[in-house]
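Engineer: Chain residues, written in single-letter form:
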Amino acid sequence: MQTTAIRHEREPLILGNPTLHDITAKIAGIAESKPNMKFLTALGFSATLMAWGIGCILYTVFNGIGVWGLNNPIGWGWDITNFVFWVGIGHAGTLISAILFLFRQKWRTAINRSAEAMTIFAVLNATTMVLSHTGRQWLFTWLIPTPGNQMNMWTNFRSPLEWDVFAVNTYLLVSLMFWFIGMVPDLATMREYVKSNIAKKVYTIFSLGWDGSMRKWHHYEMAYMILAGLSTPLVLSVHSVVSFDFTVGILPGWHTTIFPPYFVAGAIFSGFAMVVTLLVIAREILDLKEYITLKHLDNMNKIILATGMMVGYAYAMEMFIAQYSGNKYEGFVFLNRATGDYAWAYWTMVLCNVISPQVFWFAKLRRSIPVMFVISIFVNIGMWFERFTIISTSLHHDFLPSSWGYYSPTWVEVSIFAGTFGIFLTLFLLFAKFIPVIAIAEVKGVMPNAQPHHHHDEHEEH
Amino acid sequence: MKRIVLNDKPFVKEMETYGLIGLVIGVVGLGASFAMDAHSFWGGYLLGFIYFMGISVTMMFFSTLSYLVNAGWAVAVRRIAELYSFHAIWAVPVLMLPLIIPVLTGNSPVYSWVNPTDAHLKEMLEHGFKGVYLAKGFFIVRMVLYIALWFIMNRFIVGNSIKQDTATDITPTAKNWKRAALFTIIYALTITFISFDLVMSLEPKWFSTIFGVTAFAGNFISTCALVLITMNALKQGGYVKGVFSREHYHDLGKLMFAFTIFWTYVNFSQYFIIWYANIPEETFFYDMRLNNGWQLFGWGSLIIHFVIPFLFLIRQDIKRTPKMVRMGALWILFAHFVDLSWIILPVFTASGGEHGAAYHLNGSVILAGLCGVALNGGIFLYIASMQYKKYPVIAYNDPYLHETLEYSSGSYDRV
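Chains as they are written, first to last, in this note's numbering: chain D, 22 to 483; chain U, 1329 to 1743.
Possibly wrong hints are sitting among the right ones.
[As the list claims (entries may be wrong)] Derived list of chain U stretches under chain D, where covered just means 3 residues or more per stretch with a C-beta under 8 angstroms from a C-beta of chain D:
#, region
1, 1335-1349
2, 1447-1457
3, 1532-1540
4, 1590-1597
Note that these hints are calculated values from the structure, not bench results. Don't be surprised by glycine CBs; every beta carbon is placed ideally from N, CA and C.
Let the hints inform the model, and build the full structure from the sequences given.
Structural biologist: Okay, structure coming up:
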C-alpha cells in the first residue's frame, strides 16, 4: 500500500550507528576492563556505609528495639517507612522488564538489565528493614508457615503482615528468575569474551550451556514471555499487599479504598526516580551515552510525571473524601496532616511529589541532565516522606487525646537507613562490574536493520 | 492511502436503523415504565445515561491517550473512537436535563440529598463539607463545567485529528501531542467527579476514594470492546481494505484482557478493604447489594465481568481470531451493563423505612434498565451514523499511518 507524504519517523534508540560487534565490545568491555580509581573509591565508600548500617542492625539485635525512637502510640516509625520505601523502589525494574515488554516498548532494552538489578537489591533492603524490626530477629523462621515451629501453632494467615511475607518473597524470587533468564545469552557472550580462566569458568556455569542455536532462542523467548506474564500481576500485587498493612485496619488515614492502586503508582514513581538517579551517573561514568540516550531518560521522566500526577490524584481524593464522608475522625486526621505536628513532613511530600515533577511538562527540562537528576532526588525524598507521613500522622494522634505523642528517630535508626543505601550501592557497583549492564542481545534486536520493515533506502522506495 | 467516507453505504444505513430501533424501544419501554413504576423508570433512565455518557467521553480519552503515548498501532482505529465521541457533546447535555432540573427545583426523584428525609443525613448536610459539595447550585455548576470541558476536548482533540486529514504537514498532530497531556488530566477529573455526583451520591452517606477509578476501569474496557466491534464491522463489510490486521484485533483484545483484570483489581480493592475493616458506615453499600436478590448481580458480575472474559481472552489465538474476539467484546458490553446495573439500580428498589431499608431485586427495574440502555444506545448510534456521513473512517493522513499499516507484533499464528 502506498503511504502518504506525511510520515513521522521516531528517534533512534541507539546513537552513533554501531555495528553488532561494536555493541558487544563496548558492553562486555566494561566488565573485562580493570576497575579504575573512581570505581574503587565509590565501592570503598558504599561498602563502609554498608558495614556501618549492618553494625547498627547488630547493635539493635543485641540491645533490642528500645534503642530506636519508637514509643506508644507510635509503634511504627522509620523501620516500616524504610521497608515501604525500598519495596517501592523495587517496582521500576519489573515494570520496565515485564509490563513494557508486553506493551512492546522497545526503549526498555537499554535500561531493563540495570533497573531489574536495582529491583532485586531494593527488595533485599526491604526485607532487611522488616526483619530488623521483628524484635527477636533470630526467630525469623517463624514468618514462614510450618507446623510445629512455634508451639504447634500456625502463623496468623489473617494478618496482612503474613501476606507481606508471601508477596515480597514471591516478588523477589520471580524477579530474580526473570533477571537471570534474561541474562543467559549475555552471560554466554561474556563466556566467549573474557580472557581470565576463572571468569570463563564462572560464566560457563551461569550461561547454562547456551550456544545461540535457533532452538535455544525459541525456548528462551517463550520462557521470557511467560515470565513477563507472571511478573506483571506481581508488579501490582506486592505494593497492593503492602497497602493492606494499612487499609485493613480501621485507623483514619490508613483505611481508605484507593490505597492499593495509589501505592502501586507511588512505587513506580519512586522506582523510576531511583533508576534515573543511578543511570544518569552510570551512563556518565561507564560512557554509555549512545545506549542510554536522552530519549530513554525523556521517556522515564514522562513516566515519573504521569505517576506523580496519579499520586497527586490520590492525595486529592483522600483529602476530598475525608471531608465529604462526614466522618469527624477522617476529617480531623487529614487536616492534622496538613496543619498539625507533622505538617512539615506533609508539605515536603506534596512539594517533592506533586509540585517538583511538574517541570517535566517541558521537553527541554525532561532532557536536561542536571534538572532530571535534581528532580529524581526530590522524588525519592518525597516518596520517603509520603510513607513517613502516612505512618506517623495516623499514629501520633489516635482516638484517645491523652495518649497523643510525637516521634523522632535515634541515631541507630538513621544509621540503619543510611546503611541500606550502602547495601544498595555496593551491590549495584558489583553488578556493574561483573554483569553486562545493558542487555546486549536485546539491544541488538532494536537496531534499525533488525526490523522487519526496515527500508534500506528510504528515498528510492517512496 | 485514500480518503474513505462511507456516506450512504449499508454500514451507515444499518447504524442509523439500529439507532432508530433502539430509540423507539427505549421511548416506548421507558414510557411504559414511567406509567407503571416511576422508581424503576428513573433507575433505567440513569443507567442508560451513565452507560453511554461514560463510553462516549472515554472514546475521546481513547484518542487523547493514543496521542499522549505516541501510539503507532492505534492510528488505524483511532478515528472509530473519535466518531463515537460526538454523543458526549450533542446528546449528553440534553439527556442530562431530566436528571438535573429536578435537583434545581428541589424535588429530585433520583437524589435523596436534594430533599433529605433521613434525619442523620439532614444533619450531615447541614454541618460540614458534604452539604457544601452537595449543594444544588454547586451541583449544577459542576454539570455545566463537565459539559463545557468535554465540548472543548471534542473540538480540540477530535477536531485536530480531523484537521490532520487535509493538512500538508504534521502541525495538527504535533499540537495534539501537547494538548493530550492536559486533556488526560481533564478526563481523569471529570470522569471521577461525575461518577461521584451522579452515581456515588445516590447513597449520599456512602463514600469510597477509589470510586472514580472503578468507574474509569469499566468505561475503558467497554470503549475498547466497542471500538473492536466497529472495526470488525468495517473490515467484514469490506469498506476498509488493508488497514486492519490481526495485530489490531490482538492489541485491542489485549487491552480488554488487561483492563478486565484492572477492573477486578480495583473492585476487589474496594470490596476487600471495606469487608475486612467491617465499619457499618461503609459496609451497608455491599450489604444491601448482596441480599434480597441483588446478590445475583453482585456475585454474578464476578463471574460475568471477570472469570469468563479472563479465561476467554487469555488465549492468544482467540485474541487473533476476529470472530472470537468480537464475541468477547460483545460479552464485555453485556458485563458492563451487569456491573452498572448492580451499582445503580438497587437504589431504585428501596423499600422499608430509614432503619429497615432494603433493596429488593425486581423485574421491572431490570427491564427499565434495558430500555434506558436501548434509548441512549439508539441515540448514540444515530449520532455516530451522522458522523460517518461527514468524516473519513480512517485517519488516512496521520504521520504514523505507515506504522499502523506495517505493524507486526512478532507474534505468530499457530492456527
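Engineer: Broken hints, numbered, in rising order?
Structural biologist: Number 1 only.
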